[in-house]
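For chain A, the structure is supplied; the task is to place chain B on it using the hints.
The listed protein sequences correspond, in order, to chains A and B. Here this note's numbering is used: the first residue of the first sequence is 34, the next is one more, and so on. Here this note's numbering is used: the first residue of the second sequence is 34, the next is one more, and so on.
These aren't lab readings, by the way, just hints derived from the structure by calculation. From a predicted model like this one, the values you see are computed outputs, not experimental measurements. No false leads were mixed into what you were given.
Same chains, same label: a pair holds when it works inside one copy or across any pair of copies.
Quick list of in silico lysine to aspartate or glutamate cross-link-like pairs, EDC-like style, CA-CA up to 20 Å:
no. : residue 1 : residue 2
1   : Lys-448   : Asp-88
2   : Lys-448   : Glu-77
3   : Lys-238   : Glu-96
4   : Lys-238   : Asp-107
5   : Lys-63    : Glu-115
6   : Lys-238   : Asp-92
Residue-level listing of the chains:
Number of protein chains: 2
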Amino acid sequence: MITGNMLIGAQAVAGAGAPVYGIDPSLGTKIEPAFHGGSQADVERACALAAAAFDMFRDTTLEQRAVFLETVADEIMALGDELVARAIAESGLPRGRIEGERGRTVGQLRLFAQVVREGGWLDARIDPALPNRAPLPRADLRQRHIAIGPVVVFGASNFPLAFSVAGGDTASAFAAGCPVIVKAHSAHPGTSELAGRAIQAAVAKSGLPEGVFSLIFGSGREVGTALVTDPRISAVGFTGSRAGGTALMRAAAGRPVPIPVYAEMSSINPVFLLPSALASRAESIGKAFVGSLTMGAGQFCTNPGLVLAVDGPDLETFIAAAAAALAAAPAQTMLTPGICEAYQSGAARLLEHGAVATIAQGQPQSGPTQGQAALFVTDAASFLANHDLTEEVFGAASLVVRCPDLATMQALAEKLEGQLTATIQFDDADIDAARALLPTLERRVGRILFNGYPTGVEVCHAMVHGGPYPSTSDGRTTSVGTLAIRRFLRPVCYQDVPAALLPAALQDGNPLGLWRRIDGVLGQN
Amino acid sequence: MITGNMLIGAQAVAGAGAPVYGIDPSLGTKIEPAFHGGSQADVERACALAAAAFDMFRDTTLEQRAVFLETVADEIMALGDELVARAIAESGLPRGRIEGERGRTVGQLRLFAQVVREGGWLDARIDPALPNRAPLPRADLRQRHIAIGPVVVFGASNFPLAFSVAGGDTASAFAAGCPVIVKAHSAHPGTSELAGRAIQAAVAKSGLPEGVFSLIFGSGREVGTALVTDPRISAVGFTGSRAGGTALMRAAAGRPVPIPVYAEMSSINPVFLLPSALASRAESIGKAFVGSLTMGAGQFCTNPGLVLAVDGPDLETFIAAAAAALAAAPAQTMLTPGICEAYQSGAARLLEHGAVATIAQGQPQSGPTQGQAALFVTDAASFLANHDLTEEVFGAASLVVRCPDLATMQALAEKLEGQLTATIQFDDADIDAARALLPTLERRVGRILFNGYPTGVEVCHAMVHGGPYPSTSDGRTTSVGTLAIRRFLRPVCYQDVPAALLPAALQDGNPLGLWRRIDGVLGQN
Chain A
34 MITGNMLIGA QAVAGAGAPV YGIDPSLGTK IEPAFHGGSQ ADVERACALA
84 AAAFDMFRDT TLEQRAVFLE TVADEIMALG DELVARAIAE SGLPRGRIEG
134 ERGRTVGQLR LFAQVVREGG WLDARIDPAL PNRAPLPRAD LRQRHIAIGP
184 VVVFGASNFP LAFSVAGGDT ASAFAAGCPV IVKAHSAHPG TSELAGRAIQ
234 AAVAKSGLPE GVFSLIFGSG REVGTALVTD PRISAVGFTG SRAGGTALMR
284 AAAGRPVPIP VYAEMSSINP VFLLPSALAS RAESIGKAFV GSLTMGAGQF
334 CTNPGLVLAV DGPDLETFIA AAAAALAAAP AQTMLTPGIC EAYQSGAARL
384 LEHGAVATIA QGQPQSGPTQ GQAALFVTDA ASFLANHDLT EEVFGAASLV
434 VRCPDLATMQ ALAEKLEGQL TATIQFDDAD IDAARALLPT LERRVGRILF
484 NGYPTGVEVC HAMVHGGPYP STSDGRTTSV GTLAIRRFLR PVCYQDVPAA
534 LLPAALQDGN PLGLWRRIDG VLGQN
Chain B
34 MITGNMLIGA QAVAGAGAPV YGIDPSLGTK IEPAFHGGSQ ADVERACALA
84 AAAFDMFRDT TLEQRAVFLE TVADEIMALG DELVARAIAE SGLPRGRIEG
134 ERGRTVGQLR LFAQVVREGG WLDARIDPAL PNRAPLPRAD LRQRHIAIGP
184 VVVFGASNFP LAFSVAGGDT ASAFAAGCPV IVKAHSAHPG TSELAGRAIQ
234 AAVAKSGLPE GVFSLIFGSG REVGTALVTD PRISAVGFTG SRAGGTALMR
284 AAAGRPVPIP VYAEMSSINP VFLLPSALAS RAESIGKAFV GSLTMGAGQF
334 CTNPGLVLAV DGPDLETFIA AAAAALAAAP AQTMLTPGIC EAYQSGAARL
384 LEHGAVATIA QGQPQSGPTQ GQAALFVTDA ASFLANHDLT EEVFGAASLV
434 VRCPDLATMQ ALAEKLEGQL TATIQFDDAD IDAARALLPT LERRVGRILF
484 NGYPTGVEVC HAMVHGGPYP STSDGRTTSV GTLAIRRFLR PVCYQDVPAA
534 LLPAALQDGN PLGLWRRIDG VLGQN
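Okay, chain A solo, but in the shape it has when bound:
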């Protein structure tokens, strides 16, 4: 069933560019078939179809769009074990993880279907005319949000389902009413084709114009750059490296008409161990921390890559417990040879760093493409003096920073770059220290956690998977959770528009039963 073809609208199209193969990282072997990259003409055709589909797609009713999202979910489930098996083979991730990720992917699509139906994201507002107001009458003014335009989504390597072809960026863009063109990640081309075919089938079943979705392959940056710089594209969603994300930001800002880029890039997710928590639970924290650090070979954007604590015997207990747990952690297959190599060189840089000592390493590699976990330690002064210690090492490596006191810990927090998350390990007696940290963390991160671990990002209404630059390109948004729909919307105001031409969301009598603001007052009328 996997053909190696791209999906341009309703067509399956064989690329003519350089071939990409899936690699089974656990074996180090190529998986057939070849996926040939797209050409400028393929990009052109996908963009033309998306632009042609846009007005019709964004004008679908809320119910039609919700059913479409649910149909995508159904079609993904209908792929059955072929999708799971292919994702396992291409990613090296275990079956339980991939099955869970599939559940998350379809759950996400269904959650966005609910969001579309509820319609709060339209932010409908009506300021009725005041014809007798002095000195000047007021016109009838109504506002809703509409879809921003066709969106390009770059699949992420580390979630071949939930952050890829039919992942969160695609689901939220569809929910907003935007056609989507996905640039498939070369690490899981077969998984991408399968998910793409599910979306293509859902588009057809839903009677939508074919340009609502296309899937294009391509190694290197040529296809991606062509997509991002096409004048018909209105926004970009991306999850990946800082180098990749900032390149897209530059390309988008350099267009004759600049467009927003929502790039989720890099984060070291600091964990603050407060003194009382450390005094009472250093050992269990150390063990649980290593669990979070090594989960999925550490290949999460929210992986805890930095630990800050006041130096002393309780920190030694934490370090000892973490070292013991880590030393027992088996090496794990990483997503791709390239990611594994980057991890190994990042870990080697810390191993050999003059200002860093090695606390422990995990079990050594027993097969190809495996990453050996590692835990390092430094002191606050060295951390401040060596900017390279703040760089993300994507994988199961983390750095403990010994702080002389709480004030120094606070000062380090203030110096951190923007992060997706910050975690505080806390007991009640730590409340003053935690309260002092909070304003700094609010300015620096998108999500603040207490007594948990940052890995495991819930798809819900209150989630923020975003944060100040460079954790993302745009800290005003999230790429997980229902607020993500807002990235692909813009407001339009209708002044004295005749009733017959008003969109349903803004009509008198509220035919859609929306929450709306009438003269600023929220209600369902």
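Frame of chain A; chain B shown alone:
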């Protein structure tokens, strides 16, 4: 009372840079005193104060912040006629206009006070913990929006009160909880100092940290660039030229940490005259159109600079009526000699353009700094072939495009750059033509008006004064109306944060009485 000093926090500071003087454009004379530009050290101090004030200011209660906004409004009114007289002298605008603009300015501040109190902009969300959920429990997740950080606002030339020191950008940034540093517009330095002193007094009366507000002068781009590139600045608000706005966009995108720029730049605000409306009302439309075109010497972002209609006798009637009205229109004093010069050279370019004919000119200049209104005409093919005809001429000049048919009018609409507004003159029989235009206009503009004129922007909940690039740098926002607060906010998620440390907006029992989403369901609990 006007000293020529800058306001850095609570201090009045004499600049040491090149002097700027207010110019009375109706006389062409300098107004004392001199306003000396700020230095890098002044910028540094204003930014340091703003950063120091940020946590305290954003942590004020909704009521405290609302009262602060109302106090700014009161202090502006307390300036009395000195403010009005100075604004008239520096802008050449008539008293009625300046008094109306003052009313708009204080009304805007008071409207944002209401918005702050209501708190809907916090978008508070709670997804309660599900400890027994299988296979994994859900943490307690809560989300609110917080202020983005210190904001730099560039005053606009054409609204010395409502889009300047205490204008919409400042009001919405304060409402969000952001300290503001205003770079005063050199066209009205005395008006800026007075408005700045009103804000400074309100900061002191409200017991807020002094860094909540600073006002800096400076000719040229040095001070502005220093402000926008300071690492403590988190966002920029600007209203002005496309050249100025795009320069700020480049500066902001080139920072080590890029920040959002909300620049409202240029728009020619197309007016579509549909056939039936033209058949029944060509004369009255022509007259009213010239009223909108020449209002305030045409110095509005929403000035109707383009008219599209199907050629024929009804269009001739419109042209004749507009020509008669325009020929009688007196030349009007423009804001500054520079703006007047730019207008004259823009109008001269059209006067001499090979593809353009002159329909009428207004009364000639009778004093310094006056702009003579002008109306031009071209045909659709020439309009398409000459990109320079789509460029804004800031002032009372407009261009009529004769279209051979409705399809051509629609095709021209599709080719237009992003605009703040589009206007449709419409009678019931035009409904099909209007319906066909609407999807295009929704994609191209921020506000669509029927049977009105785009000048006159209501400050209310449903207003959008924004639009796709290049009308603004960011079509996802508005710079007028209550939605403008969203530009200066970002979401933060709180996971398992102890009750004692939760912000009031997210506490159990809803102590602020906010509209919140609990598990996605909107309610006041």
